[in-house]
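Novice: Construct the complete structure from the given sequences, taking the supplied hints into account.
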Amino acid sequence: MLKRVSVLVMVIVLILGMAACAKTEGDVQGTETTTSVQQTTTTTKAITTTVQTKKEETTTAVKVDENPFAEKMEITWLVGTYSSHLYEEGRWDELELEEKFNVDLKMWNIMVDSSNMEQVQMMLAAGDVPDYGFYYTSGQYLYEQGLGRTIPLNMMKEYYPSYYKKLMEDPVGLQFNKVPDKEGEYYGFTAFTCLTTHTYHIPMWRLDWLENIGYEMENLVPMVSTAFPEYSETVYYSTTQFTVDDVKEIYRAFTEDDPDGNGIDDTYGTAFTNTWYDVYSTYGMFGFDKDANHFYKDPVTGDYVIYYAYTPYKDSLDYLMEMLNKGYMRWVPGIDDYYSELIAIWKTGKTGFMNALLGSSILGYNQQAVNRPPLSILETEPTATFVVTPVPGSGKFRPYWTFDWNSSTTYPVGINVSDAKLIRLMQLLEYAYFGEDWLRYKLGIEGVHYVWDGEPFKSSIILTDPEKIPPKYAGKGTNIFGQFGNVNFISDNKMYFNYDAFTNQIIDYYDEYFPGGYHSDNLWIRPDKYYSEFTMTPELYKEFRELRDETLPQINTVHNDFVNKVFNGQIANIHTEWEQYIEQIYAAGLEEWVKIWNDPAIPTYENFGKLP
1 MLKRVSVLVM VIVLILGMAA CAKTEGDVQG TETTTSVQQT TTTTKAITTT VQTKKEETTT
61 AVKVDENPFA EKMEITWLVG TYSSHLYEEG RWDELELEEK FNVDLKMWNI MVDSSNMEQV
121 QMMLAAGDVP DYGFYYTSGQ YLYEQGLGRT IPLNMMKEYY PSYYKKLMED PVGLQFNKVP
181 DKEGEYYGFT AFTCLTTHTY HIPMWRLDWL ENIGYEMENL VPMVSTAFPE YSETVYYSTT
241 QFTVDDVKEI YRAFTEDDPD GNGIDDTYGT AFTNTWYDVY STYGMFGFDK DANHFYKDPV
301 TGDYVIYYAY TPYKDSLDYL MEMLNKGYMR WVPGIDDYYS ELIAIWKTGK TGFMNALLGS
361 SILGYNQQAV NRPPLSILET EPTATFVVTP VPGSGKFRPY WTFDWNSSTT YPVGINVSDA
421 KLIRLMQLLE YAYFGEDWLR YKLGIEGVHY VWDGEPFKSS IILTDPEKIP PKYAGKGTNI
481 FGQFGNVNFI SDNKMYFNYD AFTNQIIDYY DEYFPGGYHS DNLWIRPDKY YSEFTMTPEL
541 YKEFRELRDE TLPQINTVHN DFVNKVFNGQ IANIHTEWEQ YIEQIYAAGL EEWVKIWNDP
601 AIPTYENFGK LP
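Per this note's numbering: the sequence shown = residues 1 to 612.
Simulated from the structure, these hints should not be mistaken for laboratory data.
A hint or two may mislead.
Below are the DSS-like pairs computed for lysine-lysine, each with C-alpha atoms no more than 25 Å apart in a straight line [stated by the list, open to error]:
#, residue 1, residue 2
1, LYS157, LYS178
2, LYS297, LYS542
3, LYS421, LYS182
4, LYS565, LYS248
5, LYS476, LYS106
6, LYS350, LYS248
7, LYS100, LYS157
8, LYS290, LYS595
9, LYS326, LYS350
10, LYS157, LYS421
11, LYS472, LYS100
12, LYS421, LYS178
13, LYS494, LYS165
14, LYS72, LYS106
15, LYS290, LYS542
16, LYS72, LYS157
17, LYS165, LYS100
18, LYS157, LYS182
19, LYS290, LYS248
20, LYS72, LYS421
21, LYS165, LYS421
22, LYS182, LYS165
23, LYS106, LYS421
24, LYS347, LYS248
25, LYS165, LYS178
26, LYS542, LYS182
27, LYS100, LYS476
28, LYS106, LYS472
29, LYS542, LYS595
30, LYS494, LYS458
The following label-pair restraints were derived from C-beta to C-beta distances [stated by the list, open to error]:
#, residue 1, residue 2, range
31, ASN154, PRO515, 32 to 42 Å
32, GLY184, VAL224, 43 to 53 Å
33, THR604, ALA420, 40 to 50 Å
34, LEU153, TYR339, 41 to 51 Å
35, GLU539, VAL224, 52 to 62 Å
36, ASN154, PRO222, 46 to 56 Å
37, GLY127, LEU552, 31 to 41 Å
38, GLY261, ASN325, 18 to 28 Å
39, GLU230, ASN154, 51 to 61 Å
40, ASP465, PRO299, 52 to 62 Å
As the structure is a computational prediction, the values presented were derived from the model and not from experiment.
The beta-carbon is built from N, C-alpha and C at its ideal position, and this holds for glycine as well.
Specialist: Here it is as structure tokens:
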């Protein structure tokens with residue numbers, strides 16, 4: 001029970017890294033690396049001395065240790081979403097870093113909360129900024145207000161080599177926070193994660209139902225749960241990828257062929273919410289995302305268009321209406337919020353397919369796991385079995401972000417930081433964020449603040465109940481740790497999600513059974529072109545922004561009218577109506593959009609990192 005309760009603390013720690021990550025359609029995203037583990041070293045310098053003797057003058061080279069941290073420095077700090085204002089000075093991790101780097105770290109007790117920015121705004125209005133921090137303020141803004149300084153790339157290379165290595169491995173990061181009029185200068189340290197190879201949902205089927213209607217799944221491998229070992233052979237991974245036509249037939253059988261064998265007509269294919277919780281039962285099957293910044297090359301027109309002018313969008317609507325009209329997919333009631341209604345439907349165990357939330361929600365330590373499939377079903381149907389498959393149809397997961405680099409999470413440096421202090425800061429970050437003991441500053445001391453549920457780095461991390469941490473190592477003012485550790489510069493999916501069992505095992509499964517493995521772009525939906533200030537010239541970015549602002553209301557009117565007709569059954573032949581719809585939406589302004597997006601000056605996704 002203790003292990004299961006302790007997940008609340010784990011979730012709080014993850015808040016530090018994911019506070020501003022809520023993905024909505026139309027967000028501008030922010031990309032993957034292999035974290036380089038390095039250690040700060042003390043350098044030595046050869047000093048030449050002259051020694052006089054009676055017979056002759058000789059020169060001897062003597063190595064003398066030079067302390068690179070001889071001068072004590074104060075570094076002001078503001079890191080800790082929801083916790084910095086509570087932090088009390090003198091915690092063990094702060095003291096360790098202060099001693100090692102001969103610094104005095106001063107955490108500013110200012111609230112950092114994207115929904116409550118009053119204290120940060122007052123700080124900025126007073127002209128005060130910390131030497132280093134994250135407080136939802138861009139480095140460019142600070143620089144333009146005379147409150148921030150720029151950071152030279154060559155200094156990163158020498159004193160922050162792990163961060164620099166990431167930039168070289170994934171050079172699209174060089175486009176973020178770049179100072180336009182200063183070669184090799186940056187407004188701040190752009191955070192990076194692993195979220196281009198993370199999906200919020202996964203396709204989960206009732207395996208027992210599939211077997212009952214005659215399907216054999218390939219390469220079945222059971223998930224091993226340490227949180228709920230009694231259910232370790234209830235969830236399986238499979239390489240079987242269903243086509244769209246397969247899905248239609250399976251949903252029919254789930255609805256009409258009594259797959260649970262109870263003799264009652266009470267089952268159906270899947271629930272429908274008209275949100276991203278339908279991704280792998282609707283649009284994701286057709287290889288696109290409903291992201292307003294994504295542009296896809298249309299297979300019919302050859303134009304780069306937004307998703308609702310993309311031919312596969314038409315195909316997804318055609319499929320969707322067939323499933324809804326036949327009752328194989330069914331709307332949630334629409335009385336309460338869609339999520340509450342959806343998990344209530346899942347809990348009945350009467351749907352054969354679920355866009356399940358992945359990670360620790362699947363037989364893991366997430367406190368909500370009991371309310372989500374499969375556990376919500378297993379509690380009343382302990383013999384039920386489930387299978388996670390590749391995405392039907394397209395075979396591609398919807399990534400949480402388009403890039404792992406996230407300019408909205410930038411760590412700027414204050415104007416009063418000298419080059420010498422910047423060097424010391426980067427040396428400290430290299431050690432605390434990427435050194436051999438980097439987990440120490442993210443999560444704490446193994447055996448004190450956390451334990452491994454099994455084999456280290458191959459099992460879940462279980463955080464200790466804060467009440468049971470010895471006073472010497474307990475939090476001061478707040479139980480949240482990580483203010484001096486790496487929470488926003490992690491490229492390893494397993495580590496980012498604290499080595500959750502499901503995450504560990506699905507990555508290993510895809511690495512073994514799929515060409516290119518889990519991180520292959522072939523496994524993820526990618527735009528052909530992408531709208532952001534980092535992926536196009538400033539001139540084209542401004543031109544399209546102004547055009548979009550001017551024409552979007554008319555375009556939305558045409559789109560909404562078409563979709564309403566689809567859902568109200570007013571379209572007899574969607575293929576015929578689609579041609580008319582495309583003519584109307586082009587006339588409403590999309591034709592001007594296309595002229596910009598067809599411009600070869602806007603690079604395709606695979607060429608973003610090659611921008612000059």
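Novice: Each hint needs a verdict: does it hold in this structure or not?
Specialist: Results for each hint:
no., hint, result
1, LYS157 / LYS178, "holds (16 Å)"
2, LYS297 / LYS542, "holds (22 Å)"
3, LYS421 / LYS182, "holds (21 Å)"
4, LYS565 / LYS248, "holds (23 Å)"
5, LYS476 / LYS106, "holds (14 Å)"
6, LYS350 / LYS248, "holds (17 Å)"
7, LYS100 / LYS157, "holds (22 Å)"
8, LYS290 / LYS595, "holds (21 Å)"
9, LYS326 / LYS350, "holds (17 Å)"
10, LYS157 / LYS421, "holds (16 Å)"
11, LYS472 / LYS100, "holds (19 Å)"
12, LYS421 / LYS178, "holds (21 Å)"
13, LYS494 / LYS165, "holds (20 Å)"
14, LYS72 / LYS106, "holds (13 Å)"
15, LYS290 / LYS542, "holds (23 Å)"
16, LYS72 / LYS157, "holds (24 Å)"
17, LYS165 / LYS100, "holds (24 Å)"
18, LYS157 / LYS182, "holds (17 Å)"
19, LYS290 / LYS248, "holds (22 Å)"
20, LYS72 / LYS421, "holds (10 Å)"
21, LYS165 / LYS421, "holds (22 Å)"
22, LYS182 / LYS165, "holds (21 Å)"
23, LYS106 / LYS421, "holds (14 Å)"
24, LYS347 / LYS248, "holds (23 Å)"
25, LYS165 / LYS178, "holds (17 Å)"
26, LYS542 / LYS182, "holds (21 Å)"
27, LYS100 / LYS476, "holds (21 Å)"
28, LYS106 / LYS472, "holds (20 Å)"
29, LYS542 / LYS595, "holds (14 Å)"
30, LYS494 / LYS458, "holds (9 Å)"
31, ASN154 / PRO515: 32 to 42 Å, "holds (39 Å)"
32, GLY184 / VAL224: 43 to 53 Å, "holds (48 Å)"
33, THR604 / ALA420: 40 to 50 Å, "holds (43 Å)"
34, LEU153 / TYR339: 41 to 51 Å, "holds (44 Å)"
35, GLU539 / VAL224: 52 to 62 Å, "holds (54 Å)"
36, ASN154 / PRO222: 46 to 56 Å, "holds (51 Å)"
37, GLY127 / LEU552: 31 to 41 Å, "holds (38 Å)"
38, GLY261 / ASN325: 18 to 28 Å, "holds (27 Å)"
39, GLU230 / ASN154: 51 to 61 Å, "holds (56 Å)"
40, ASP465 / PRO299: 52 to 62 Å, "holds (55 Å)"
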